[in-house]
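Protein chains in written order, with this note's numbering: chain A, 1 to 243; chain B, 1001 to 1135.
Simulated from the structure, these hints should not be mistaken for laboratory data.
Think of the CB as a built atom: it goes at the ideal place given N, C-alpha and C, for glycine as much as any other residue.
A few of these clues could be false.
To be verified - Computed beta-carbon distance windows for the label pairs:
| id | chain 1 | residue 1 | chain 2 | residue 2 | range |
| --- | --- | --- | --- | --- | --- |
| 1 | B | E1030 | A | R58 | 38 to 48 Å |
| 2 | B | E1030 | A | I190 | 19 to 29 Å |
| 3 | A | M62 | B | H1096 | 38 to 48 Å |
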Amino acid sequence: MAEAAIVIGEGRKSFFMDKVKEILPEGGNLNLCYTCGTCAAGCPASGLEGMDPRLFLRMAAMGMDEEVTTTPWVWMCSMCQRCSYACPMNINIPQLVYYARQAWPRDKRPKGIIGSCDQALRTEGNSAMGASSEDFEFVVGDVLEEVRESQPGQENLTAPVNKHGAMYFLNQNSREPVTEPDEMVPLWKILNHVGADWTYGTLGWAAENYCMFAADDEAWERIVRNKVKAVEDLGCKYWLNTE
Amino acid sequence: MQDPCQLVRKTYGDPVAEDLRFVVKAVVGEENFIDMHPNKSNNYCCGGGGGFLQSGFPEARRAYGALKNKQIVDTGATYCIAPCHNCHSQIHDLSHHFGANYQVTHLWTLICLSMGMLGENEREYLGDDLREVGL
Ligand code: SF4
Ligand code: SF4
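Just chain A, same shape as in the assembly:
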């Protein structure tokens, strides 16, 4: 059965989508959609808020800017790229979603995401949970000592912090040092077992970057640059991010 057609008001122009097309390479292929629905069929967010990726793209193409830039659905798309991966025309819907997130005034974006981004900007370790580098270093040392003393065979376990010239710089999600520090240990053991030369750092140690989810370009770039600096300052060859 045919659905009722959506009637578009006279003279509506697609400002939002035109703008996004200008930014993306090849315009993100955004005008190549032939509405096959492959994207919507494989998107777990289809149906939430009455939205799906094909519909979202069609609404943007039809210039329904108001709807596209205010629907909370953009915060329910996980940017997983299942849609663009499966799309026969390689259309970059997640990028369109990203720019729709950006259309929200910063103080109206989800508090949890913005709050985590701001915490990361405030700490030198970029911890979204606001953990200080001193606390991080203390917890690592404390847990390490306990394992070395209590677990036979682990007397030589190491978890270096700020070791200059190490091969690998390892990030750590804040969740472990803050809420379940013992969960850091298995990874140390594996690295130790294979003889990896690695280190944590007090600068830029946290793995997460919520500023990217907040669609705050300037902030997420600042965080990435801080972490790159941390790796370079210690002269490490590889940056391992466990996120």
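Based on the hints, put chain B with the ligands in the right spot on chain A.
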């Protein structure tokens, strides 16, 4: 095992998904590994990514994750390995929320368990069947 979107589809593609399977099978035994479908680069996102865990829409997040939960339940597996932080948090919550009761573990936990070097305090995400193994 969950193929993390970030690691597999968005970064290194199917080769890294094969590497993950190589490690997982070496750790748990080939006969104990069962894939969900679709998988690798075609895998469905669990719903923990993109900031969804912090966005303040827990109901939508779980509705999104219902598909993932079903995929896991359909395998009949008792453990789901989640080699990504977001995936781990989300799938752990899904198992709990939908009453599915499969265990959700980090890969590092099972690697250390199989090598006989997993400490007593590092077993939070193991079920009763494995909690005492090798202690
Ligand atoms: S899969 Fe691609 S071509 Fe098909 S409806 Fe979605 S965006 Fe359009
Ligand atoms: S990126 Fe967003 S729209 Fe595309 S499949 Fe994933 S959740 Fe759906």
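Unsatisfied constraints (hint numbers, rising): When the structure is compared with the hints, none of them turns out to be violated.
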